[in-house]
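J.: Build out the structure end to end from the sequences listed, making use of the hints.
The primary structure of each chain is shown beneath.
Protein chains: 2
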Amino acid sequence: MTINVDITDDHPLAINGIRMMLEDEPDIHIAHTYTTGAALKKGLASQQPDVLLLDVKLVDEPGSEVAAFITRNYPEVRIVALTSLDAPAVVKNMMRNGCIGYLLKGTDRSTLIETIRKAYYCEEFLDPALHMHMRHVLSPSNETPELTKREKEILKLIVAGDSTQEIAEKLCISPRTAEVHRLTLLKKLDVKNTAGLVRIALTLGLVI
Amino acid sequence: MTINVDITDDHPLAINGIRMMLEDEPDIHIAHTYTTGAALKKGLASQQPDVLLLDVKLVDEPGSEVAAFITRNYPEVRIVALTSLDAPAVVKNMMRNGCIGYLLKGTDRSTLIETIRKAYYCEEFLDPALHMHMRHVLSPSNETPELTKREKEILKLIVAGDSTQEIAEKLCISPRTAEVHRLTLLKKLDVKNTAGLVRIALTLGLVI
DNA sequence: AATCTTCTACGTGAAAACCCGTATTTTTGA
DNA sequence: TCAAAAATACGGGTTTTCACGTAGAAGATT
Chain A
1 MTINVDITDD
11 HPLAINGIRM
21 MLEDEPDIHI
31 AHTYTTGAAL
41 KKGLASQQPD
51 VLLLDVKLVD
61 EPGSEVAAFI
71 TRNYPEVRIV
81 ALTSLDAPAV
91 VKNMMRNGCI
101 GYLLKGTDRS
111 TLIETIRKAY
121 YCEEFLDPAL
131 HMHMRHVLSP
141 SNETPELTKR
151 EKEILKLIVA
161 GDSTQEIAEK
171 LCISPRTAEV
181 HRLTLLKKLD
191 VKNTAGLVRI
201 ALTLGLVI
Chain B
1 MTINVDITDD
11 HPLAINGIRM
21 MLEDEPDIHI
31 AHTYTTGAAL
41 KKGLASQQPD
51 VLLLDVKLVD
61 EPGSEVAAFI
71 TRNYPEVRIV
81 ALTSLDAPAV
91 VKNMMRNGCI
101 GYLLKGTDRS
111 TLIETIRKAY
121 YCEEFLDPAL
131 HMHMRHVLSP
141 SNETPELTKR
151 EKEILKLIVA
161 GDSTQEIAEK
171 LCISPRTAEV
181 HRLTLLKKLD
191 VKNTAGLVRI
201 ALTLGLVI
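Quick mapping for you: the protein sequence lines, in order, are chains A and B. Position 189, counted from 1, in the first sequence is what the working numbering calls 189; the numbers after and before it change by one each time, with no gaps. Position 199, counted from 1, in the second sequence is what the working numbering calls 199; the numbers after and before it change by one each time, with no gaps.
Hints in this document: simulated from the structure, not taken from any laboratory. Just so you know, these numbers come straight off a predicted model, no measurement behind them. A hint or two may mislead.
Unchecked claim - In silico lysine to aspartate or glutamate, DMTMM-like type, Cα no more than 25 Å apart, as pairs:
1. B:K118 <-> B:D27
2. B:K92 <-> A:D10
3. B:K170 <-> A:D190
4. B:K192 <-> A:E166
5. A:K57 <-> B:D60
T.: Below, the structure is given as structure tokens:
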């Protein structure tokens, strides 16, 4: 039995690091590695791995959206998020989008291997480093509402520094409407001002 | 002749990746590796490398400040920034704080080795991937003003979501003064609103 | 067909942010 | 030591953001 593993990380160095950790395992085979979400999607079209190690921050699109895409189109691929981000909202976001495991990049070799084997058998695994704080976060009572397409659009413009007026002009909508979206974002992301929106958007990888 | 190299990166995986790239070079010896700025500073107190590979984003403090600290206290250490950030302002910031080289994490093995050797002989080296766009950026006519200690303090609070009023209370200064600092930041960083401040601060690693 | 969500649009008012100044004290550095 | 830079504080004004509403149209889902 051989577990085929794909790796997607925008840092070739990180890919090398993972490869080094796995190369002595006879039952784990690194099939393909990708550095962008686009390359990954293209590669998956022709061949799917058993387990995919997926970075949360990619250069071309948010890892959460890549995960959602894969879950929708290739549900048999077990996705393990592998990242340095340990914010509860990030973990929540990735798990909700179909990841079966979540590892921090500070993980050691044996944990990485164990996680891959568990993922292969469709067993969920969270990094021990965040297990403690995550249980209540991942409970249904603590759901971060998902953002709509429009809201993500607005959020990107806010991060880019556009005012409500400018957003309205760019999207050809009323300033009132743009403002409503802004206020909805404040509530959904549970922050109180623009600074919070930008910070959340950047740290959660909601925008590129 | 052996070049002693230290590596500081908050991702152990990245450290492994770098180590793998360098382990077959007889003249390069990896002396110490660190995952935080604090650990690096502590280690440097007892032993300094010839060349330090330094990530721009660390968990405990901005890489630019670590670079400034090392340049001030251990000027004989040649610092090579090694990061995935390719924004002109980031490069500028690191070079100004004493780095002699700047590599992107997408770099290949031979470039990494060449850069380390050049750094050892105090030769400057910028990643070819950004060489084109950087020349004019690094010219003296295009200087980003440095932020004062107080301004960095204010900036952190802004990123944290505090209003001018709240900042004034926390720092025990007049709201007017807090506002002046905010406006100074807008001008120095050449953005037009709070969203821009937060974005710049986070992408440049000015705050943690 | 009915329902739910999303996107759209509007009103009002308070708070915050932003832009133009001036000016004193403290700190830094040449 | 003397000049420059930084930190402090204030006035008056416009623009933007934020909070509290209501409500119709389009689309998806059940």
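J.: With reference to the structure, classify each hint as holding or not holding.
T.: Right, here's what the structure says about each hint:
{"no.": "1", "hint": "B:K118 <-> B:D27", "in the structure": "13 Å, holds"}
{"no.": "2", "hint": "B:K92 <-> A:D10", "in the structure": "22 Å, holds"}
{"no.": "3", "hint": "B:K170 <-> A:D190", "in the structure": "22 Å, holds"}
{"no.": "4", "hint": "B:K192 <-> A:E166", "in the structure": "13 Å, holds"}
{"no.": "5", "hint": "A:K57 <-> B:D60", "in the structure": "20 Å, holds"}
Against the hints set out earlier in the document, no violation occurs for any number.
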